[in-house]
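A.B. asks: Position 241 of the sequence shown, counting from 1, maps to 241 under full-length UniProt numbering, and the rest follow consecutively.
Treat each hint with caution, since some may be false.
[What the hints assert, rightly or not] Between beta-carbon pairs, the in silico distance windows are: (1) 204 x 115: 22 to 28 angstroms; (2) 101 x 266: 36 to 42 angstroms; (3) 110 x 299: 51 to 57 angstroms; (4) 139 x 106: 18 to 24 angstroms; (5) 299 x 101: 47 to 53 angstroms.
Derived by calculation from the structure, the hints in this document are not laboratory data. A virtual CB, placed ideally from N, CA and C, is assigned to each residue, including glycine.
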Amino acid sequence: MNQRGAHDHTLALAWAACQGSCCSGAFAAPGCFDAREPSLLASAICDSSWRVACRFSHSRGRAPRGRARAQRSRRQRAGVRDRIRGAGRTAEEATTTDEKPITDANALRGILGDVHPRAATKERARLHERDRQWLARSPFCVIATSDAHGNCDASPKGDPPGFVHVLDDSTIAIPERPGNRRGDGYFNILQNPRIGILSIIPGRTETLRINGRARLVRDAPFFDDLIVQGNRPILAIIVDIDTIFFHCARAFLRSRLWQHDTWEPDALPSTARLVSEVQPSAGEASEVERVYSAETMRGTLY
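Model the full assembly from the supplied sequences, consistent with the hints where possible.
C.D. replies: Pasting the structure below:
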């Protein structure tokens, strides 16, 4: 086989590997929303007070992101193929020449070093009183989920301090508020209940990390405790806690996140301009400006 033939053969193998990279499988989805009925979840989200137009497609019972993900996956594979061709190297050469992969847990531990004893023993399975106090003062968290194929999503959630509602020592609930109605994390939970939560208090450099198993409910007695400005949530995430622990301050200290002198909010164009540039299909510039204006946002919070 000549050099060009070997290159094309290796490229074909890399292409096949890319196509077969997604694993299969599904997870049981406890709670009121059935994993086989994503339309129920979409209907609940669409019934909220948010005014931004949105369409959901549920052909063959699939979540609405399926087609977009398939298209994105094809584009990503094509991009990998084109980069390999452009460099004139095989996929194996591109990896072994420029990168030093880590594929072994022992090798990774050797690079990271030994875990500090305090870090190794800080995980807990139940809420401490200090955890409750932290959640009562936190107005913001980031929720990480993934679907049955491992496609990940991280979504910010914010509300008045204490919006993460403690049900008992091992269970919390997070209410839904009006948004863009994509529901990425919610549809993930229908397929895979595993969830990670990062709870943040402005000005504090530590974070509270919670990992567990999530389910969705459209109503429950505690919903009355989640009312804000007269608005009852249309659904909530209930999380059964597996592990909870505080994360150290180094990331916030290195980034100087809370130091005002490092803030440059005007270094980038307005949100409306960014959206118009990266998403030409968003509509006329004047309409995009209206939708993303502070006045519109404040009027659609609840």
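A.B. asks: Confirm or reject each hint.
C.D. replies: A quick look at each hint next to the structure:
1. 204 x 115: 22 to 28 angstroms: 24 angstroms, holds
2. 101 x 266: 36 to 42 angstroms: At 40 angstroms between Cβs, range holds.
3. 110 x 299: 51 to 57 angstroms: Given range 51 to 57 angstroms: holds, Cβ gap about 55 angstroms.
4. 139 x 106: 18 to 24 angstroms: Because 41 angstroms falls outside the window, the suggested range is violated.
5. 299 x 101: 47 to 53 angstroms: 50 angstroms, holds
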